[in-house]
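There are 6 protein chains.
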Amino acid sequence: MSQLANERVAYFNGKIVPESQVLIPFRDRGFKYGDAVFDMTRTFGHKIFRLQEHVDRLYKSLAYLKIDPQLSPKEMIRLSEEVLERNLHLIGKNEDYWLGQRISRGVGESFSGTENAGATVIVECSPLPLKHRAPLYRDGIDVIVPSVRRTPPDAMSPRAKTHNYINLVLADLEARAQDAEAWAVLLDQDGNLCEGLGSNVFIVSGDRLLTPRARFVLPGISRQHTIDMAERIGLPFAEADIDLYDAYTADEMFLTSTSLCICPVRSINGRTVGDGAVPGPVTRQLIDAYAKSVDFDFMGQYLSHLS
Amino acid sequence: MSQLANERVAYFNGKIVPESQVLIPFRDRGFKYGDAVFDMTRTFGHKIFRLQEHVDRLYKSLAYLKIDPQLSPKEMIRLSEEVLERNLHLIGKNEDYWLGQRISRGVGESFSGTENAGATVIVECSPLPLKHRAPLYRDGIDVIVPSVRRTPPDAMSPRAKTHNYINLVLADLEARAQDAEAWAVLLDQDGNLCEGLGSNVFIVSGDRLLTPRARFVLPGISRQHTIDMAERIGLPFAEADIDLYDAYTADEMFLTSTSLCICPVRSINGRTVGDGAVPGPVTRQLIDAYAKSVDFDFMGQYLSHLS
Amino acid sequence: MSQLANERVAYFNGKIVPESQVLIPFRDRGFKYGDAVFDMTRTFGHKIFRLQEHVDRLYKSLAYLKIDPQLSPKEMIRLSEEVLERNLHLIGKNEDYWLGQRISRGVGESFSGTENAGATVIVECSPLPLKHRAPLYRDGIDVIVPSVRRTPPDAMSPRAKTHNYINLVLADLEARAQDAEAWAVLLDQDGNLCEGLGSNVFIVSGDRLLTPRARFVLPGISRQHTIDMAERIGLPFAEADIDLYDAYTADEMFLTSTSLCICPVRSINGRTVGDGAVPGPVTRQLIDAYAKSVDFDFMGQYLSHLS
Amino acid sequence: MSQLANERVAYFNGKIVPESQVLIPFRDRGFKYGDAVFDMTRTFGHKIFRLQEHVDRLYKSLAYLKIDPQLSPKEMIRLSEEVLERNLHLIGKNEDYWLGQRISRGVGESFSGTENAGATVIVECSPLPLKHRAPLYRDGIDVIVPSVRRTPPDAMSPRAKTHNYINLVLADLEARAQDAEAWAVLLDQDGNLCEGLGSNVFIVSGDRLLTPRARFVLPGISRQHTIDMAERIGLPFAEADIDLYDAYTADEMFLTSTSLCICPVRSINGRTVGDGAVPGPVTRQLIDAYAKSVDFDFMGQYLSHLS
Amino acid sequence: MSQLANERVAYFNGKIVPESQVLIPFRDRGFKYGDAVFDMTRTFGHKIFRLQEHVDRLYKSLAYLKIDPQLSPKEMIRLSEEVLERNLHLIGKNEDYWLGQRISRGVGESFSGTENAGATVIVECSPLPLKHRAPLYRDGIDVIVPSVRRTPPDAMSPRAKTHNYINLVLADLEARAQDAEAWAVLLDQDGNLCEGLGSNVFIVSGDRLLTPRARFVLPGISRQHTIDMAERIGLPFAEADIDLYDAYTADEMFLTSTSLCICPVRSINGRTVGDGAVPGPVTRQLIDAYAKSVDFDFMGQYLSHLS
Amino acid sequence: MSQLANERVAYFNGKIVPESQVLIPFRDRGFKYGDAVFDMTRTFGHKIFRLQEHVDRLYKSLAYLKIDPQLSPKEMIRLSEEVLERNLHLIGKNEDYWLGQRISRGVGESFSGTENAGATVIVECSPLPLKHRAPLYRDGIDVIVPSVRRTPPDAMSPRAKTHNYINLVLADLEARAQDAEAWAVLLDQDGNLCEGLGSNVFIVSGDRLLTPRARFVLPGISRQHTIDMAERIGLPFAEADIDLYDAYTADEMFLTSTSLCICPVRSINGRTVGDGAVPGPVTRQLIDAYAKSVDFDFMGQYLSHLS
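Chains as they are written, first to last, in the UniProt record's numbering: chain A, 1 to 307; chain B, 1 to 307; chain C, 1 to 307; chain D, 1 to 307; chain E, 1 to 307; chain F, 1 to 307.
Misleading hints may appear alongside valid ones.
As the list claims (entries may be wrong) - Below 20 angstroms or equal to it, Euclidean Cα-Cα: the simulated DMTMM-like pairs (lysine to aspartate or glutamate) are:
(1) A:Lys74 with C:Asp275
(2) F:Lys74 with D:Asp275
(3) A:Lys292 with A:Asp275
(4) E:Lys93 with E:Asp295
As the list claims (entries may be wrong) - Here are a few chain B residues that face chain F, going by a calculated C-beta distance under 7 angstroms:
(5) Ala63
(6) Glu85
(7) Ser157
As the list claims (entries may be wrong) - Not the full set, but computed from the structure, chain C residues with beta-carbon under 10 angstroms of chain D:
(8) Val22
(9) Asp28
(10) Ala177
Calculated from the structure, these hints are not laboratory results. A virtual CB, placed ideally from N, CA and C, is assigned to each residue, including glycine.
Given these sequences and hints, build the entire structure.
This is the structure in structure tokens:
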């Protein structure tokens with residue numbers, strides 16, 4: 001096994017190998033069709049966040065696509081822990097990892113009668129883009145709502161975390177054509193805000209925390225963790241239909257994701273959110289509760305990477 | 001370059017290599033997001049069918065996704081011809097190839113600030129599944145309309161030929177769970193028939209040939225060729241909204257695709273199409289005109305592979 | 001009154017007559033237009049289940065269609081009891097009846113100026129198909145989701161129980177073309193599961209019981225009774241948007257109806273539900289609670305008719 | 001066979017019988033579910049209008065519902081002619097008949113395992129309501145657009161002529177609650193005018209005749225005949241999306257149906273159509289061409305019944 | 001300042017002037033585009049009802065349209081109080097005022113490069129139409145559901161109170177063409193009842209009070225006050241999807257608005273609501289609680305103006 | 001009549017007055033509800049363009065809203081000509097006017113029983129923003145597709161030219177927040193491009209000119225004139241569903257409006273249209289034909305105002 005001294009390793013179809021050897025045959029359905037699922041958690045101070053929940057969601061995605069990973073959830077958890085363990089020495093103390101699993105259906109076409117050779121399984125990690133994103137925690141995210149709408153559930157459920165991301169990529173292309181640092185948050189088929197590429201959205205309206213209903217969004221683990229934090233600090237919360245009227249009249253807004261945890265939004269469609277405080281007071285409370293619950297000051301970590 | 005004596009070669013990022021060396025890094029966006037496009041034509045008696053049109057459509061798909069292949073259409077055509085040339089000796093006289101191009105956006109994430117290293121380009125061919133599909137030309141295809149609806153154009157255009165096929169895979173899983181040899185043809189968001197995984201649908205109703213409007217379907221080259229044949233034999237033709245009433249009362253039905261050319265449908269949702277003739281008289285006329293125009297008896301070729 | 005010795009009787013426009021004499025003039029709007037409503041309960045050990053609720057719902061259906069039955073709910077109840085009474089001697093101890101009321105608008109066309117002669121009223125019963133359905137309780141129901149969508153409420157409310165069933169018949173034709181014993185459960189206009197021909201659907205997901213919102217489904221009395229049972233056994237319950245992602249990742253699934261009470265589902269679209277146990281543990285608890293509440297082992301009754 | 005001297009006869013499951021003996025068992029699916037289809041033509045001066053086309057459409061409706069009438073179209077035509085023949089002596093010279101066929105799926109339930117005993121077939125005629133409708137030809141029809149929308153094709157095709165009319169009955173109830181003589185014309189799911197209970201709608205806008213696309217409406221034979229007449233008199237015609245803007249700015253409007261042929265509309269939603277002429281000049285031309293083509297002054301016949 | 005002795009005054013861009021001097025330049029965007037927002041409360045016995053809430057809502061409407069009034073909410077409240085104060089002497093003791101604020105974006109076009117000169121601000125009052133509406137409290141309102149649908153939130157949010165009312169005017173034109181005293185209540189894009197021109201709708205169904213979800217309706221202050229009253233009298237309440245099935249089977253129905261407070265509905269689409277009592281017993285309870293909470297018998301006031 | 005020496009005059013309710021005296025009472029429904037319609041043409045070298053067609057369309061808008069202007073189309077034309085005549089001396093030789101009519105329903109509320117005092121009628125002109133827009137003809141327009149969707153026809157027809165523009169203003173606010181010079185072109189409810197604030201959109205795709213179907217857009221007179229020019233120069237043309245796939249793969253794109261005539265589009269959503277030529281060759285041909293047909297070099301006029 002040839003490996004650069006500082007190269008990360010990954011699990012790939014039964015073996016731990018250097019990442020440069022995790023190479024997908026181009027006839028793999030994961031490449032040709034995006035016919036694959038994944039999930040992704042992160043570490044906080046090198047400790048894994050809610051791995052069990054992420055793996056549970058991974059197996060729901062697999063069930064939705066009827067892909068058999070030929071590994072049990074327990075094995076998947078063990079492999080994830082092992083992959084992390086073997087890569088931790090490669091990052092600094094003030095850095096952390098994304099840690100994820102990717103399973104494609106493998107090679108083989110029912111319509112041409114070629115046998116399916118079984119799933120392709122990868123477990124891998126990569127450093128969080130702390131430096132790149134640090135300004136977002138200082139300034140807030142600028143959100144643009146693109147014209148492209150989120151894929152409706154009767155075509156493909158947004159709740160399965162698959163390798164079919166073009167809908168979200170198109171949204172990002174729209175937003176970034178206007179502002180290279182903007183993030184897209186899409187509308188669903190009913191015209192309500194739903195989610196962005198890998199992120200959930202929340203607003204604070206009066207004394208209530210609101211987030212889009214789970215049906216049109218990936219039910220993020222960090223989204224759920226944020227909801228739990230709201231309960232912990234006694235903040236009324238509801239899933240709701242949230243449209244642009246709500247967004248334009250919100251007091252505060254923020255995005256959540258595995259890697260972001262909670263990151264404040266500064267503007268939406270060029271309109272300052274609330275009075276422009278980043279983060280707003282309620283968002284600040286939630287960030288604090290979140291940090292306390294994971295025993296890690298994620299916002300401080302991001303800000304420490306500001307150049 | 002190690003290559004098995006009978007291994008096909010493919011173009012891969014600047015070089016012609018054995019197919020087993022066309023390996024995609026797992027962080028390529030083509031794998032992680034299906035963020036890639038492709039096109040595919042076939043040979044008739046080892047001669048390429050309408051390569052220019054397929055490459056034109058490929059560049060429209062690239063434009064839609066804003067992917068820069070760093071190759072001109074002319075170069076793409078030349079490479080395609082070269083790849084075919086170097087693989088022809090590997091198939092028999094009575095066999096033919098699919099010939100296709102695949103371009104992914106490559107590695108790199110705007111949201112994490114990693115540079116995009118440029119597109120991944122593959123030109124490849126593979127033998128048509130003549131033997132596997134031969135029975136379809138004898139018996140007709142059994143079509144099942146699944147409950148999953150085709151992705152609507154405001155989420156992702158069905159007219160771009162991308163690597164995001166889960167919507168169509170879900171449709172196929174539904175159909176094949178009922179009948180392992182059935183083909184799915186989906187409804188669009190308005191409840192009209194649109195297309196299947198890689199195939200277009202036509203019906204003959206009275207004295208007219210009808211096919212779904214182009215908006216909700218990949219505007220197949222073979223679809224267009226079939227329309228041209230209808231004109232050649234003086235058959236009235238129209239793009240139309242075609243729903244299940246039309247399908248259940250049609251006189252004939254068939255699918256088209258690059259590889260199928262024209263293949264008769266025997267039944268839809270368990271109902272025999274028309275009087276059950278496979279192919280029906282009009283379909284037979286179109287098959288004959290098609291074969292004549294490409295100077296190749298594709299149906300005869302398929303049937304000759306019946307075991 | 002000529003009547004076969006073992007012929008059931010029914011109430012028909014003012015009289016109790018043998019069923020063979022309940023004959024509808026072909027110009028009755030109930031025949032020509034399905035311009036009629038009905039409701040249907042069952043007996044448990046020859047005792048009527050929630051007749052008051054069924055008659056209340058019948059009068060809501062009448063109000064929706066603005067049909068005047070010229071009988072009060074009380075009279076309808078009394079007639080129902082009488083019809084049952086006069087037919088009980090015709091079934092065995094281990095058998096039970098459906099007991100229903102049907103009211104059409106009668107003869108007469110506003111658009112041609114013919115007088116409406118008043119409603120046609122029938123009260124009738126028929127033996128439950130215990131033997132035919134017994135295997136469902138042993139093996140579970142195989143559900144297929146058809147491509148046809150449930151009629152939307154702004155065209156005709158699914159909550160009124162009318163004689164217009166073609167939408168549901170079309171769904172059944174689709175399902176049974178694939179599998180003669182399968183049951184159809186349709187999607188509503190938003191792509192959520194709603195109901196089948198005369199049945200409601202429930203899933204168990206994690207520790208929660210879920211069923212589609214009442215808006216798109218007939219608010220079944222047995223559906224409500226099942227919800228009551230969930231409360232009784234302390235099972236968290238919610239009305240929810242339930243799509244195929246939920247269905248494919250559910251732990252358990254079952255159908256309810258007047259006659260089925262609760263019947264487990266084995267598969268949906270060819271995918272085994274949960275781990276394939278029939279019934280699953282939560283379904284079993286609900287069946288037990290249901291049986292206890294009606295003081296009748298309906299599942300045992302069904303299974304006793306297995307040949 | 002007991003028959004009143006002046007009673008009409010009808011064909012019923014193999015025999016010609018007095019109408020009073022055409023009685024449907026209440027368990028017939030045609031009654032319980034409206035699970036039946038029909039078609040209807042009329043006579044002009046006692047001669048049948050386009051019977052072949054109506055029977056062809058009938059068999060398409062049968063195919064859509066997968067009902068087997070166990071009679072060939074030829075036999076159906078012959079029976080229709082015979083039924084008419086045997087009833088002609090019952091009406092006056094200045095009167096005419098509707099002549100129709102009705103086929104239900106018969107008795108039997110797949111879900112309870114009762115055998116289907118075969119289709120119920122009726123061929124029948126009834127006098128046109130000439131006197132009742134005569135004022136419409138003098139004054140024009142008042143159209144009201146109800147809030148209820150036409151059943152969408154993915155739930156049940158409006159192009160099949162079935163016994164499921166509640167959607168249209170609800171529309172009529174809305175219109176007639178406001179004005180007992182008004183006719184309802186519904187909007188389809190896209191908000192375009194489609195059809196009323198048994199009638200098609202046309203507008204004259206500038207120098208063009210327009211009618212809703214066939215997808216959302218029963219493709220009326222009289223609708224087609226009117227289109228043919230437009231061609232005959234050189235009037236430009238198109239199928240089009242027609243919404244309330246078109247209706248409110250139309251120069252003329254009329255309804256067509258088998259019995260109406262062409263009948264002018266005076267107002268829509270309380271707004272006078274065009275300048276209020278009944279019929280307008282173009283409608284008049286079409287009425288004349290229609291009358292000439294069927295060699296019968298249908299409008300004169302109606303008006304002659306004015307009391 | 002020339003003013004008739006009994007002329008009302010209003011605030012207009014910085015000054016209190018006679019109403020006849022509140023004149024809008026025809027190039028003001030409030031006139032050309034309806035590009036303006038407003039809000040409106042009323043007095044009870046000359047005391048203002050919930051002015052703070054109305055002004056809060058006004059500023060949400062301003063935020064939605066990104067109009068800067070160049071006045072703080074506090075100033076707006078003070079001006080409103082002043083305008084009322086200066087007009088109170090013009091009405092009788094048994095009369096009351098509407099009191100409202102209107103802010104347009106002013107003159108100026110981005111697309112032609114003309115500067116925006118700043119918002120136009122009006123604060124004004126006008127006497128409630130007590131006499132005109134008095135019969136509604138005696139007889140109940142007749143509601144007609146028009147065919148025109150409420151503007152969907154992704155085109156323009158119904159929750160912002162703007163000067164774009166044509167959608168509601170079209171609805172009113174439909175209803176009043178049928179019955180000059182009828183009120184329109186529209187359906188939203190999903191076919192649920194939402195609101196009328198300035199009014200919210202409630203139904204009483206069984207023991208529950210229901211009103212449409214806030215997303216498709218202006219969240220009326222009086223709507224909220226009614227909900228508060230329901231809580232006060234212990235009446236179970238829910239926001240719900242309310243369609244025509246609910247409306248036709250409701251026990252009671254009423255409208256709320258700033259000026260109406262609560263006014264009973266007698267019929268909907270020509271069908272008597274419940275048993276026809278005006279008001280029904282639950283509506284009566286709510287009216288009493290409402291009157292008590294504002295310390296004013298609004299219904300008595302209306303009825304006292306019956307001629 | 002006090003008038004500044006260089007002040008324009010306008011027709012206002014029966015008189016020609018200085019523009020500063022065209023003042024709308026704030027209770028006029030045109031202000032309160034945008035309950036008004038308008039139309040607008042322009043001059044070419046001080047000669048009016050297609051006034052008859054614009055006035056015809058104005059009267060269709062009036063009919064749609066049921067507003068009676070109490071003036072005949074002929075009078076409206078005459079007044080328009082007079083207003084222009086009396087203002088021509090105020091502009092230079094190289095300048096031109098917009099010339100328009102605006103009619104509101106006037107004062108009065110059906111719901112409060114105040115009499116309607118009759119329509120408010122204005123005929124007015126204003127100089128074209130030649131200097132402001134000149135750069136667009138040199139550089140091309142940058143189009144942004146906003147997330148807000150065009151109001152659907154069943155809520156309010158986009159084909160009537162009314163004073164309700166908030167939907168389009170919201171779209172503009174989105175676009176201009178990203179780029180102060182960008183123009184918004186909206187999607188309709190089906191996700192197709194429709195129109196912008198006062199402009200129609202065309203694309204050139206291959207050898208065909210395409211523009212959105214008339215149903216979702218104001219059927220612009222300049223749009224029609226452009227279509228006429230296409231016919232004149234032998235360019236194949238069709239109304240079509242045009243979505244973002246079409247837009248992103250178009251060879252050329254341009255906007256039309258009364259004032260713009262034809263103005264090239266440089267980019268859409270940040271993507272260069274075609275090869276970036278402004279105008280493209282086909283657009284250039286159409287501009288030339290347009291200029292020739294109106295005998296006026298409108299593009300030259302715009303460009304001559306470049307500073």
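Results of checking the hints against the structure:
| no. | hint | verdict |
| --- | --- | --- |
| 1 | A:Lys74 with C:Asp275 | holds, 17 angstroms |
| 2 | F:Lys74 with D:Asp275 | holds, 17 angstroms |
| 3 | A:Lys292 with A:Asp275 | violated, 27 angstroms |
| 4 | E:Lys93 with E:Asp295 | holds, 15 angstroms |
| 5 | Ala63 | holds, 5 angstroms |
| 6 | Glu85 | violated, 30 angstroms |
| 7 | Ser157 | holds, 4 angstroms |
| 8 | Val22 | holds, 5 angstroms |
| 9 | Asp28 | holds, 8 angstroms |
| 10 | Ala177 | holds, 9 angstroms |
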